[in-house]
Amino acid sequence: MRELTYWQALQETLRDAMRQDSTVFLMGEDIGAYGGAFGVTRGLLDEFGPERVRCTPISEAIIVGAATGAALTGMRPVVEIMFMDFLTLAMDQLTNHAAKFRYMYGPQARVPLVIRTPAGGGRCYGATHSQSLEAWFLHVPGLKVVAPSTPADAKGLLTAAIRDDNPVLFVEHKLLYASIGDVPEGDYCLSLGRAIVRRRGSDVSLVSYSYYTGVALAAAEELAALGIDAEVVDLRSLAPLDVATVVDSVRKTGRLVCIEEGPRTGGVGAEIAALIAEHAYEYLDAPVRRIGATDTPIPFSPALEPVALPQRADIVRTVQEMFACKR
Amino acid sequence: MSLSLTTAEGRQMMHLMLLIRAFEERMLKLVSDGSIRGTTHPYVGQEAVAVGACFPLRRDDWVVSTHRGHGHLLAKGGDPNRLMAELFGKIAGYGGGKGGTQHMADFAVGHLGSNGITGGGIPVGTGAALSAKMRGTDQVVAVFFGDGATNQGTFHESLNLAALWHLPVIFVCENNGYAMSTSVRQACAIEQLAERAASYGMPGVQVDGMDVVVVRDAMRGAVERARAGRGPTLLECKTYRFLGHSKSDQRVYRSREEEAAWRQRDPIIRLREAMLENGLDKATELDALARQALAAVDTAVDFAQASPFPPPSAATEGVFAEARE
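Here the protein sequences line up with chains A and B, keeping their order.
In terms of the numbering used here, the first sequence has 131 at position 131, counting the first letter as 1, and numbering is strictly consecutive.
Add 327 to a position in the second sequence, counting from 1, and you land on the number used in the numbering used here.
Honestly, the hints are just simulated from the structure, not real lab data.
Mixed in with the good hints, there may be bad ones.
Unchecked claim - If you want a taste of the chain A side facing chain B, the calculated C-beta under 7 Å gives, among others: (1) Asp16; (2) Arg19; (3) Ala70; (4) Asn166; (5) Gly214; (6) Ala218.
As the list claims (entries may be wrong) - Just so you have them, the derived chain B footprint on chain A, three or more residues with Cβ under 8 Å: (7) 60-66; (8) 95-109.
As the structure is a computational prediction, the values presented were derived from the model and not from experiment.
From the three backbone atoms N, C-alpha and C, an ideal C-beta is built for every residue, glycine too.
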């Protein structure tokens, strides 16, 4: 094992996949010599050339649509949408086409398509370059949604996404690209749809994914100092969703806090909370709490962005409230 | 009039146009009597476009179709039985009844799928052309869409990318004059939609879409160009849908006189007269083709009616492809 950054793990995965399988190719804006807006594809143009590292015009609908057509006809495209916010421009191609073809056209149709996209705020990019829109896509049957929190998961889950015969939305996080962690060498493929317990605890379950897994872990350390033993569950994959791991955790702790970066209303946490209400209600010792962004566009000002986006202190305070009030 | 057409070619094109016409007219009856549920977008009047455009294509070339797509599927060699069964929502249909009139595909004959979003298939077809190029095949792709789709962003994004990357694709615009009720004049600042090709650096050709031989010949040139690696073409076929946009359309936006004038240019009558005038065939032979088309549609209806509906369990199956191993 050696250490890599999150972006290096992604790049290694892309490189390995392209070396192993000539049908894998990349498409996106500024992914060639520039290396992508966050540098994930730097160097790949030199190794694989412009036929397989395809720089496109700023045309998100054709990026996703052409990748879908290529996927239907024998290729395995991995496209980059520069900011998750820009997926709005490709929504029809992704939701009405890529996600539905298999169901409508039957077994003859396979859409092995990966859409990589950086999500999240914390960098003062303002309302159209900071969003976490993954909750929208949980509402799209036919689409898988993955959001790794560590460099190792970035490799294992991207490998799985590329090998999957279905469209996979692969959500990266801008604040994770520089994070460092152990990454297995050689072939490393995880299963999509398996959550992992990052920290064992007995008092409360903090359920999150992507960047906020780390925030939840940091909050758990603070809580430990306060005498509260938090368990941290990293979902890793939002669709399919590993309900069993969350249910098992809540059965043990009796308390659930769902943490995400997107707006709270209609969010991932709302879905988790509903599932727990269905599957583990009798184990709950306190009402489920949800932490997410305010229901506002994300403000630019460094004084306001942290108000809109959830903070570690919000998690700590929320958990303390849960223990302060009796059911 | 000199006609570059053999008897065999003329019969084949006549057979397909008659089959599409008979299929669609029968379908409308089945919609009226409640046998077929939902909406439909009949292709009657536009047969020369699908048949002429598909004629120069090989079986392994792809087409991408639209909401008004039955003609494209039949012209590409699709099975009228499975098509009709899909319209009935039956298990023997192309999508096992889960796609319906606007959503079916037959990859075996090079039909990559129809879909119900105006302009939605254009990027998909462009991507199939990219795939053909990257895989080093000499396949080409014909993408069908209407005049209305040329105002969608996907049209412009696709043409730009296809021209930029010299992709083997022919963009076949079926300009039938109306996007539902909105005329081309109401929706486009130019009259000749083929002119839009100029801004993407590709040839744009407008042809008489009521003449199957003209469409075929124009398409043949575009296909040769694409197959030779010389890039895409925008082929605008001026045509007319004889019926309404869908089953509920009362056609208040156009006159009966206009409709009558276009019916004078019926592509089936036109080919029939051309073949007879040029001594390519006898009226009795062409009449026999018409009877065969009706019989094929009878068979398709019998096939569809005999097929069971899908079981309830099918509703939740097939959302995802399973792993191959």
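Evaluation of the provided hints:
1. Asp16: violated, 19 Å
2. Arg19: violated, 16 Å
3. Ala70: Since chain B brings a Cβ to about 4 Å from alanine 70(A), closer than 7 Å, the hint holds.
4. Asn166: holds, 5 Å
5. Gly214: With a closest approach of 30 Å, the glycine 214(A) hint is violated.
6. Ala218: Interface hint status for alanine 218(A): violated (35 Å vs cutoff 7 Å).
7. 60-66: holds (count 5)
8. 95-109: With 12 residues close enough to chain B, the hint holds.
This entry does not satisfy hints 1, 2, 5, 6, going by the numbered hints stated previously.
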